[in-house]
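Please put together the full structure from these sequences, using the hints given.
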Amino acid sequence: MDVTKSNFNDLKPQIEEAIEKCSFAAIDCEFTGLVLPEPLHPLDTVAQRYQKLRVGISEYLVVQFGLSLWTFDEEKQAYNVKTFNIFTYPDQRQAFRFRNQASCLSFLVDHGFDLNRCVREGVPFLRPAELDDYQERIKRRHIRELASLFEQEQAGRPVKGFNTSADALNSSLTSDNFLDMDPAVRIYLEGVMPLVSKWMSGKMPDQDSVLLPACNDFIRMTVYRQIEKKFPDDKFQMEAVRADNGADQRGSKHIKISRSDMSPHQRMSQRHRDEMEALRDSFGVGSVLKTLVTSQKPVVGHNSLRDILHVIHQFVAPLPEDFGEFQLLCRELFPVLFDTKQMSVTGTIKASIRGSRLVDVFNQIKNQHDKAFPIPKIHSEPGFAYDDMTREHEAGFDAWLTGYIFAAFAHSVAPRPKNVFREPDFRSEYFKPFVNKMHFGPSLDISVMDLDVNPAAVSRTDVYVVEWKEPEDHSHARLLLQMAGGAKKCGWGDQVLAFVPSNVENCNKLLRTQDSAAIPCRLYKHQTKQNRRRKAKSKSPPNTAPVPVQNAAPTSGAVPPAAPAATSRSPPTVAILSRGDDYSPQARTNRSSSLTGTSEPPKKPKLDSISEKRKTTPPSSQQPFPEASW
1 MDVTKSNFND LKPQIEEAIE KCSFAAIDCE FTGLVLPEPL HPLDTVAQRY
51 QKLRVGISEY LVVQFGLSLW TFDEEKQAYN VKTFNIFTYP DQRQAFRFRN
101 QASCLSFLVD HGFDLNRCVR EGVPFLRPAE LDDYQERIKR RHIRELASLF
151 EQEQAGRPVK GFNTSADALN SSLTSDNFLD MDPAVRIYLE GVMPLVSKWM
201 SGKMPDQDSV LLPACNDFIR MTVYRQIEKK FPDDKFQMEA VRADNGADQR
251 GSKHIKISRS DMSPHQRMSQ RHRDEMEALR DSFGVGSVLK TLVTSQKPVV
301 GHNSLRDILH VIHQFVAPLP EDFGEFQLLC RELFPVLFDT KQMSVTGTIK
351 ASIRGSRLVD VFNQIKNQHD KAFPIPKIHS EPGFAYDDMT REHEAGFDAW
401 LTGYIFAAFA HSVAPRPKNV FREPDFRSEY FKPFVNKMHF GPSLDISVMD
451 LDVNPAAVSR TDVYVVEWKE PEDHSHARLL LQMAGGAKKC GWGDQVLAFV
501 PSNVENCNKL LRTQDSAAIP CRLYKHQTKQ NRRRKAKSKS PPNTAPVPVQ
551 NAAPTSGAVP PAAPAATSRS PPTVAILSRG DDYSPQARTN RSSSLTGTSE
601 PPKKPKLDSI SEKRKTTPPS SQQPFPEASW
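Counted from 1, the sequence shown has number 475 at position 475 by UniProt numbering; the numbering is strictly sequential.
Hints are computed from structural coordinates only; laboratory data are not their basis. Where a beta carbon is used, it is the ideal one built from N, C-alpha and C, also for glycine. Be aware that a few hints might be false.
[Claimed, not checked] No farther apart than 25 Å at their CA atoms in a straight line, the calculated lysine-lysine pairs in the DSS-like style are these: (1) K432 - K350; (2) K529 - K52; (3) K489 - K537; (4) K198 - K229; (5) K139 - K198; (6) K21 - K377; (7) K350 - K377; (8) K229 - K253; (9) K418 - K350.
[To be verified] FRET-style restraints, in silico, Cβ to Cβ: (10) P194 - E38: 49 to 57 Å; (11) L115 - A385: 23 to 31 Å; (12) R416 - N508: 50 to 58 Å.
Here's what the structure looks like:
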């Protein structure tokens, strides 16, 4: 089922209920780009690969989030499935910038993706800590406005609204306050204020109310404030309503102004409630992810490392720089993760599957339904089914395919009586080889990114590398590999090949004579290049800058030594959920004790909330949001 801004609030209870009941959740994402600033290399370490992906995915946007929720019915021995295809787009209150890769968007459009629908109807999103921070700032502004209203009432002065430099219409349309507004808000105000003034002055006696054009929450809240400033003493009320003809498909609402006996205080309270409701609506996809995180249900993806990184970064919290911190953060959010691509190349499953592309794996399982991969019956409720099997690269459909594959793998791994299906225990020993094992991607000697274990060092003393500049020289690299005597194993990257030679003597001979071969590729030994880098680094001059003595008293006429410059630190990772969740250092230390593989656990992430940080910051140093940003 497609989920957009216009039906998200109606479907949200169903989504949350399905999450709470499900046996596992399968996810998939569609992005605006895939190309990374620094290409993947077959000799990347786990930490290097994470850094490249972390930097790259932060530039792109998830435009579709597929969520397929599979619930096992013990009585019917069948799965009930609900799949949601959620269009996502940033809320306008965010200064959200992202990159588009032309080829990636063209690919999505060729597979039926509606880019206009995404922009018009995409469900907004905020991270939980961002929601907390916005709420606190709105509350502080509400308190200031109420205090100003009370002060004017106590002094017996007419209520003139707030930010009085913009009270009058003419001055508001030329003041810096107005010019600093978002262009969309300015255009809207310029269009509606003459109509509002005419109605307020009684020049439209036959109309008990006036209906302003539809607009989004961001514009509506600003218009509310501006109208209150212009007409503080008039008796009226404002509310958001949908058009009776249903012509507005984007989730936008009209502003209806009608006569009322509401006092300025009542009107302000109503506006405050509307603002907080609009902010909660802006939480959007973030509220779904919060429910999924809180449920701690198994989460499944196919080749899902990028999907997991995107989901965490866009909907939950910024990705930490350190890989060890990411491991801990990911395990706290999704303690049981499965990657069906990694499962398809592991253990007994590998013998029955050829290739690992999503649709190919699905078709093989379907063809072996009663042999290698018996699977329970699958029921999808009306509106949640995929009768058309040609919707590949739609996030919801791909999530459904992923769930189907995982259900087949799960029931083939866990032992069961013949012709009897039971709900698998995904935390049992049968699933340990697959839990939290992400497919690593192109590499010479690393196949999996294990989120439970610190990555072990890899010896590469016998590795050789071939590089070339032009993509068309790929065939020359293969020729050079043949001249070297072949390879025991090799890993391909972007215009680079790493391999362990079958014949080291031949490879070394070619290394000495490659210039005479006139092949547009360069062959070198990986260890030799690493040694040269270390030697060059050791020869670099050390930093000999004098260290100032802070406690020594300055001599007469001498300038006291300057205090050392403050070292810059990367901002802390924001809180994952609300401030009530236990992410204290001691709690995180206790949870990290289950890490295995080395005696030293990964670094503990700084999960301090922005909102918590603001509590310890003096009020004078807190920068309020400018009015235009709302």
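Cross-check of the supplied hints:
1. K432 - K350: holds (16 Å)
2. K529 - K52: holds (21 Å)
3. K489 - K537: Answer violated: K489 to K537 is near 31 Å, above 25 Å.
4. K198 - K229: Satisfied, since the Cα-Cα distance of roughly 16 Å is no more than 25 Å.
5. K139 - K198: violated (33 Å)
6. K21 - K377: Status holds; Cα separation ~18 Å.
7. K350 - K377: Distance of about 24 Å is within 25 Å: holds.
8. K229 - K253: This hinted pair holds, its Cα atoms lying about 22 Å apart.
9. K418 - K350: Measuring from Cα to Cα gives roughly 22 Å; hence the hint holds.
10. P194 - E38: 49 to 57 Å: holds (55 Å)
11. L115 - A385: 23 to 31 Å: holds (25 Å)
12. R416 - N508: 50 to 58 Å: holds (55 Å)
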